[in-house]
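Visitor: Could you put the whole structure together from the sequences, leaning on the hints where they help?
Protein chains: 2
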Amino acid sequence: MLADPVSRFRRFSRAVTSEVGALDTSFLGRGRPLGAARVLNAIGHGRTDVAELRDYLGLDSGLLSRLLRGLEVEKLIETAPHPDDARRRVATLTADGRREFDAYEGLSNGQAEALLARHPHPEALLAAMDLVATALGRDRISLTETDPRSAEACCCLSQYYAELASRFRQGFDVSLSRDPEARDMIRPRGVFIVAMSDGLPIGCVGLKGAGHDMAEVKRLWVAPSTRGLGLARRLMTAVEEVARGLSITTLRLDTNSSLTEALGFYRKSGWRQIDRFNDDPYPDAFFEKCL
Amino acid sequence: MLADPVSRFRRFSRAVTSEVGALDTSFLGRGRPLGAARVLNAIGHGRTDVAELRDYLGLDSGLLSRLLRGLEVEKLIETAPHPDDARRRVATLTADGRREFDAYEGLSNGQAEALLARHPHPEALLAAMDLVATALGRDRISLTETDPRSAEACCCLSQYYAELASRFRQGFDVSLSRDPEARDMIRPRGVFIVAMSDGLPIGCVGLKGAGHDMAEVKRLWVAPSTRGLGLARRLMTAVEEVARGLSITTLRLDTNSSLTEALGFYRKSGWRQIDRFNDDPYPDAFFEKCL
DNA sequence: CATGTTATCTGACTTAAGTCAGATAAATTC
DNA sequence: GAATTTATCTGACTTAAGTCAGATAACATG
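Which chain is which? The protein sequence lines are A and B, in order. In this note's numbering, each residue's number is its place in the first sequence (first place is 1) plus 645. In this note's numbering, each residue's number is its place in the second sequence (first place is 1) plus 645.
Hints are not guaranteed to be accurate.
The list cannot tell twin chains apart, which means a pair is met if one copy fits it or any two copies do.
[As the list claims (entries may be wrong)] With a cut-off of at most 25 Å between alpha-carbon atoms, the simulated SDA-like pairs for lysine to any residue come out as follows:
1) K913 x P765
2) K720 x G707
3) K913 x H764
4) K913 x P728
Simulated from the structure, these hints should not be mistaken for laboratory data.
Guide: Here's what the structure looks like:
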């Protein structure tokens, strides 16, 4: 085999099917067939509706029903009719089921840790894994409005600040910056949008209402593993849409000229450079866009 | 889920089991169960011995036997006793089998191409995949002696030259360098060793015999995706071993001071810096090691 | 050449997974 | 409130995968 792209891709796919696939199948390690283990795990991860389980796991209705019955006999789950609609059923873990689920989680986490620990550069490995995972699942990136103080938002923001700190010559200290108040980025004054890819926050943007027909776009950030996929544009479009809904006619933003990709992105997406409009010490470039 | 290492790892593993796993299972796309398809593919990839197949696919002897019978009935393979030992059997593809195998290959290649094509930075994606694949399978890196003109060797060398070209201020042109003759790196005068990881060449080193008890180490290179895993040391140890076997007592090498990791590596593994010993325009640092 | 060993095969199982046609009961619609 | 739709369940299957104890025939060794 030579190093042509397709061979490299297929080598990757052999490596993961034999290694990660083996991890997956090792759910058998607790003496339960894979099907039942998958159902238990899905329930533990909060998929309680039977229809949702069927859909998520891609199982036939009869098969899932039998698997649920099996777990019920083992006293790992309980099922009850849905409060709103007694035709539907919801499954929940019993105390025993929770223990069993935790055991599976511990097993998976342990294997992940072991694999990461034996690598000399776990951060590089994880960055590569993020990139691959995002590439494989990129149709499934979803944007959701959240509180800017939520765990997902903080996860993005801390990476955003860290990146500014490493890219600004003078470093970056949030407390010196004009950090927007959280409630300025919560409806009705503004919004905060996080991009999620299968549970991992990979980008964000905030809209800080200025009270009248003007608002500021803040904290636009995309994870390094996701750059080049057009996520910044998607986030910006989403935030502009919200702004329009809030009857905002003019958007502003500030940035720093060392963030060259950002400058280029604003210019080519309809933003116009304007004079400084605040006294924040970090930004040195200011933009405006009319909606 | 937050962005802690274990969650990121598990996200990766979900992404690949659902995507790549689906590709793998799509062997069903040709109306044959996975087991039979795997056997056909293994045979197509040159694993003809029944015992080898059993070992490689991890199948029970009875099960494999039945799968082979099935493929034989479909007229995709033929089996015959092994010429050296009539107890053993070898399986070979018929013309029909070859066609079917090629169809599977085309399918796999097509899916790989499609996935790469829809990514804006296929080279970055492939680099990440190489890194992950090597990390997962790193116990299975094997060193083999090859002709320095073989496909694997050329694959390493061309990447090596490209890297020198990008890292030397003045660029790099092989034809201006003292390119060792291939036969100087073939036994009995020398050797050329390539590191392979599941079919992909990921590193190399040459030993150029100088004719008496002195030899030169040339073309030590490790693929970027593999750096930090100790492969350079393994290659160097292997080449030193060969040198000892050839009754060589002193090794020399030349390098360039812009390759800082290399300099550090030589220093910490018993090499001593010496005066220039050739007039090659590229190197500016020279080392020696007594065995 | 008798004996034990080895490689593969056959027969008789088990288990997991999945399919599909109704059955049942709760909601929804007319 | 009768008819229809919806969500889940049950029973009766099929297929794939795998296990294991011999059977068979070729080879190896004394």
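Visitor: If you test the structure against every hint from before, which numbers come out violated?
Guide: Of the numbered hints, just 4 does not hold.
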